[in-house]
Amino acid sequence: MIAPVLYLIVFGWGLGSGINVGGSSYINFVIPGIIALTTMTLSFSTVANDINIARTYTRTFEEFMVAPVSMLVYAAGKITAGALRGLYSALIIVLLAIVFQAGLRLDLYFIMITILNCFVFSALGLTAGLIIDSHGDMAKFSNFVITPMSFLCGTFFPLDKMPVGLKEIIWVLPLTQTSLALRSQGESVFQTLLHPTILIIYLLIFIITGVRLCKKAE
Amino acid sequence: MLVFDSVTKKYGTVTAVDNLNLEIPKGEFFGLLGPNGAGKTTTVRMLSTLTAPTSGSILVDGRQVDRNLTEIKAKIGVVPQHMNLETEMTAWQNLELHGCLYGLQKDIRQKRIDELLEFTNLSDRANEMVKNFSGGMKRKLMIARALMHEPEILLMDEPTVGLDAAVRRKMWDLMKGLNKNGLTVVLTTHYIEEAEILCSRVGLMHGGKLVELDAPQKLIQKTGAFVLEYFENGGTRSRFFNTRQEAIESAAGMEGSVNIRPANLEDTFIKLTKRKVEG
Ligand SMILES: Nc1ncnc2c1ncn2[C@@H]1O[C@H](COP(=O)(O)OP(=O)(O)OP(=O)(O)O)[C@@H](O)[C@H]1O
Ligand SMILES: [Mg+2]
Numbered sequence: 001m002i003a004p005v006l007y008l009i010v011f012g013w014g015l016g017s018g019i020n021v022g023g024s025s026y027i028n029f030v031i032p033g034i035i036a037l038t039t040m041t042l043s044f045s046t047v048a049n050d051i052n053i054a055r056t057y058t059r060t061f062e063e064f065m066v067a068p069v070s071m072l073v074y075a076a077g078k079i080t081a082g083a084l085r086g087l088y089s090a091l092i093i094v095l096l097a098i099v100f101q102a103g104l105r106l107d108l109y110f111i112m113i114t115i116l117n118c119f120v121f122s123a124l125g126l127t128a129g130l131i132i133d134s135h136g137d138m139a140k141f142s143n144f145v146i147t148p149m150s151f152l153c154g155t156f157f158p159l160d161k162m163p164v165g166l167k168e169i170i171w172v173l174p175l176t177q178t179s180l181a182l183r184s185q186g187e188s189v190f191q192t193l194l195h196p197t198i199l200i201i202y203l204l205i206f207i208i209t210g211v212r213l214c215k216k217a218e
Numbered sequence: 001m002l003v004f005d006s007v008t009k010k011y012g013t014v015t016a017v018d019n020l021n022l023e024i025p026k027g028e029f030f031g032l033l034g035p036n037g038a039g040k041t042t043t044v045r046m047l048s049t050l051t052a053p054t055s056g057s058i059l060v061d062g063r064q065v066d067r068n069l070t071e072i073k074a075k076i077g078v079v080p081q082h083m084n085l086e087t088e089m090t091a092w093q094n095l096e097l098h099g100c101l102y103g104l105q106k107d108i109r110q111k112r113i114d115e116l117l118e119f120t121n122l123s124d125r126a127n128e129m130v131k132n133f134s135g136g137m138k139r140k141l142m143i144a145r146a147l148m149h150e151p152e153i154l155l156m157d158e159p160t161v162g163l164d165a166a167v168r169r170k171m172w173d174l175m176k177g178l179n180k181n182g183l184t185v186v187l188t189t190h191y192i193e194e195a196e197i198l199c200s201r202v203g204l205m206h207g208g209k210l211v212e213l214d215a216p217q218k219l220i221q222k223t224g225a226f227v228l229e230y231f232e233n234g235g236t237r238s239r240f241f242n243t244r245q246e247a248i249e250s251a252a253g254m255e256g257s258v259n260i261r262p263a264n265l266e267d268t269f270i271k272l273t274k275r276k277v278e279g
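Chains as they are written, first to last, in my numbering: chain A, 1 to 218; chain B, 1 to 279.
Calculated from the structure, these hints are not laboratory results.
It should be emphasised that the depicted structure is a prediction, and the values quoted were computed from it without experimental measurement.
All C-beta atoms in this analysis are idealised placements derived from N, C-alpha and C, irrespective of residue type, glycine included.
One or more of the hints may lead you astray.
With the C-beta cut set under 8 Å, the calculated list includes, among others, these residues of chain A facing chain B [stated by the list, open to error]:
| no. | residue |
| --- | --- |
| 1 | R55 |
| 2 | T58 |
| 3 | E62 |
| 4 | E63 |
| 5 | M65 |
| 6 | V66 |
| 7 | V69 |
| 8 | F100 |
| 9 | Q101 |
| 10 | G103 |
| 11 | T192 |
| 12 | K215 |
| 13 | E218 |
Taking CB as the label site, the calculated pair distances span [claimed, not checked]:
| no. | chain 1 | residue 1 | chain 2 | residue 2 | range |
| --- | --- | --- | --- | --- | --- |
| 14 | A | V172 | B | K106 | 45 to 55 Å |
| 15 | B | K106 | A | Q191 | 42 to 52 Å |
| 16 | B | I270 | A | G136 | 40 to 50 Å |
| 17 | B | S6 | A | T197 | 42 to 52 Å |
Build the full structure now, drawing on both the sequences and the hints.
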């Protein structure tokens, strides 16, 4: 939870003071981005590391696999736990934003998208935790997939600053959808519905892959 | 009833279990013996769904085992070869977690935990982190955990490693008692004496294959009921005979000290595995 607070200070109040994005101050722009990336990182790493350690180090994964619990229930439990962890971090950032009187539009849509983002990356954490067999490889996955996403998916600066070609690829990524959705003011109804739809597709893909992997993972 | 039907498990180029066919009836105390790397752990792990066979099928009570087959899994208790307790939890919490995973009611959990901690002499350490436990204490806790939900089938992979002699005897008595009440046990062990005392039937694995399968006494008869031990060229040699008389006659012409005694399962085990190695 230290990193997001530092982002808030450095990019929001430090570098960002005086910058305007889309007509409002940068801090107002960056807070949804920080919520998106923090919920992603925490939900993902909670589940991914937990399963990775349980499989490779403490071996407690075996205790859950021999227990009379269906793999769907196991997966659902892990994903929910990770998502709650992510939501907790979102809550802290929202509280900070309120305390420092940054403008934040907290409506039902915002909350639903945040929850969805937590579940998507928690489910990705499940899949990654089951596939990746060592702690070192898990760190690599975080460094090469999660960290770049956290900076590039419309979190700290608008997507249209990206070169053509790269922009389209980044647009498809789940975190970009969350970033866009959390700042959805002025978007058409179609766009506001498109973001959660894409996120739900990701969620389903990750859950189905995760549950499948659960049946075989050692 | 546990059935292995042409079960093979390959890890890359290593064939850990090679076309295993085996039936273990309900209520049997079955021992799986074999030298290091023979495939015992792999066999037990396949039975507990921890690893899937490359080919063949494994049936428990007529149903092919699968991680989602919760009714069958609820009947099985597992003591793995490697420590897999939650080290950051207390002994009590480990058992409580197990009870919850197996859907035991709160009052039953409480009762079972108390009984098992009492039996394993861990009651006064119940609220201590498992990471601070000694090796034997962790083992005892793993056995307690496997028994917590009163399984019908108990799979134990070297459960008594590191237990002191008194505790081991106590565990034997417990296992015998449970087996008398109908528990099916599959036990792997390197303490051949343990298998001889407890098991009604043992299977000997070697290089992934089941090479012998019989009651301990039958196996001993098969290789010879008497052993003649003597020392030669820096090593202890042994020869097997069907009767004491034959052994004595053979020893008559020998120099140095010799020892004639009834063979035990360990002698048989060593002879059979050696024969496999020497071909
Ligand atoms: N996860 C794995 N990956 C690769 N090879 C494995 C794996 N598990 C077991 N093996 C191999 O399978 C063979 C059988 O191993 P297994 O653990 O079943 O032996 P074991 O009879 O239990 O031996 P021990 O008495 O030493 O415990 C060995 O050659 C081992 O190296
Ligand atoms: Mg083993």
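So, going through the hints one by one against the coordinates:
1. Restraint check, R55 of chain A versus chain B: the minimum CB separation of about 10 Å is more than 8 Å; hint violated.
2. Taken as an interface hint, T58 of chain A checks out: its beta carbon lies about 6 Å from the nearest beta carbon of chain B, inside 8 Å.
3. Here the hint on E62 of chain A is kept, as its CB sits about 5 Å from the closest CB of chain B, short of 8 Å.
4. At a threshold of 8 Å, the smallest CB-CB gap from E63 of chain A to chain B is about 6 Å, leaving the interface hint in force.
5. With a cut of 8 Å, the hint placing M65 of chain A at the interface with chain B holds, because the nearest CB-to-CB distance is about 6 Å.
6. Taking 8 Å as the C-beta cut-off, the interface hint given for V66 of chain A holds, the closest approach to chain B being about 5 Å.
7. The restraint placing V69 of chain A at the interface with chain B holds, with a minimum CB-CB distance near 6 Å, inside the 8 Å limit.
8. Interface restraint check: F100 of chain A against chain B, minimum CB-CB distance 36 Å, threshold 8 Å, status violated.
9. Contact between Q101 of chain A and chain B, as hinted, is not supported at the beta carbon level, the nearest pair being about 40 Å apart and thus beyond 8 Å.
10. With 8 Å as the threshold, the beta carbon of G103 of chain A stays out of range of chain B, its nearest partner Cβ sitting at about 42 Å, so the hint is violated.
11. Against a cut-off of 8 Å between C-beta atoms, the interface hint on T192 of chain A is violated, since the closest Cβ of chain B lies about 38 Å away.
12. Hint status for K215 of chain A: holds, given a least beta-carbon distance of 5 Å to chain B, under 8 Å.
13. At a threshold of 8 Å, the smallest CB-CB gap from E218 of chain A to chain B is about 6 Å, leaving the interface hint in force.
14. Taking the beta carbon of each, V172 of chain A and K106 of chain B are about 48 Å apart, inside 45 to 55 Å as hinted.
15. Checking the proposed 42 to 52 Å range against K106 of chain B and Q191 of chain A shows it holds: the Cβ atoms sit about 50 Å from each other.
16. Separation of I270 of chain B from G136 of chain A is about 42 Å and conforms to the stated range, judged on CB atoms against 40 to 50 Å.
17. Look at S6 of chain B against T197 of chain A: about 48 Å separates their beta carbons, and that is inside 42 to 52 Å.
Checked against the numbered hints given earlier, the structure breaks hints 1, 8, 9, 10, 11 and satisfies all the rest.
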